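Asker: Counted from 1, the sequence shown has number 93 at position 82 by the numbering used here; the numbering is strictly sequential.
Derived from the structure by calculation, the hints contain no laboratory data. Careful: at least some of the hints might be erroneous.
[Unchecked claim] In the SDA-like style, the derived pairs of lysine to any residue whose C-alpha atoms are separated by at most 25 Å in a straight line are: (1) Lys-171 with Arg-157; (2) Lys-162 with Leu-119; (3) Lys-121 with Gly-202; (4) Lys-173 with Ala-57.
What you are looking at is a predicted structure, and each value in this text was computed from that prediction instead of being measured.
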Amino acid sequence: MKNWTPYIPDHTIKAICWTLIHSLWIGLAVALLTGLVIMLTRKSSADLRYRLLCGILVLFVVSAGVMFYLEMRSPGTLQLSPHAGNTFHADAKTFIIISKAEVHLSPLDKLIGFLNQYINVIFMAWLLFFVLKSLKMVSGLIYIQRIRTYKVHAVADEFKLKIAEFSRQIGVTRAVNLLQSELVKVPVAVGWLKPVILLPMGIILQLPAEQLESI
């Protein structure tokens, strides 16, 4: 198959694609583990459950990284089943059949051969979705930055004191800013290093104190 990505070695493309394929069963195992953790920690604190779930997420990333490392170190050849009596060498560009005799492949061998044959197509499809998702994420970050800095207004000091009091009660050590925004339609919390709670403009005057404190 023609190499559509001349700046990336074929072996690297193959390693990426097979890592993506392996990530399917890794993701399934992680999902089962996540469900088990959620089920067994129903009565545990939210902090413990959060840390466990974050640990599982890190485990998935590390597993994918290890799989990529192993694929990069693999020789890039596929041995057929012993009963076939032939060796089938595959790389990202072509297939070479050592014997001219008819080779009876198992369904798994056929699937692996098919994936190796269209490895560049898989890589290009993944790369396209990656770029689209990255653009979507960047646009979301730009939007978040815009709503937290554009057309925002400070609130009265009494509400700032309330925010500080609630932060101490739930153990939030970072300073949380409270602002009114002309852009948001519902209350929104954004940011981690510099968290901000945005309230729709005028909602402070419309809601009872109890509902406002709940928000």
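Asker: Give a verdict on every hint.
Answerer: Do the hints match the structure? See the list:
Our distance criterion of 25 Å between C-alpha atoms is met by Lys-171 and Arg-157, whose separation comes to about 22 Å. Pair hint Lys-162 plus Leu-119 does not hold up; C-alpha atoms about 59 Å apart against a cutoff of 25 Å. Distance hint between Lys-121 and Gly-202 is unfulfilled; the C-alpha atoms sit about 49 Å from each other, more than 25 Å. Taking the CA atoms of Lys-173 and Ala-57, the gap is about 23 Å. The hint holds against a cut of 25 Å.
The structure does not agree with the numbered hints 2, 3 stated previously, though it agrees with the rest.
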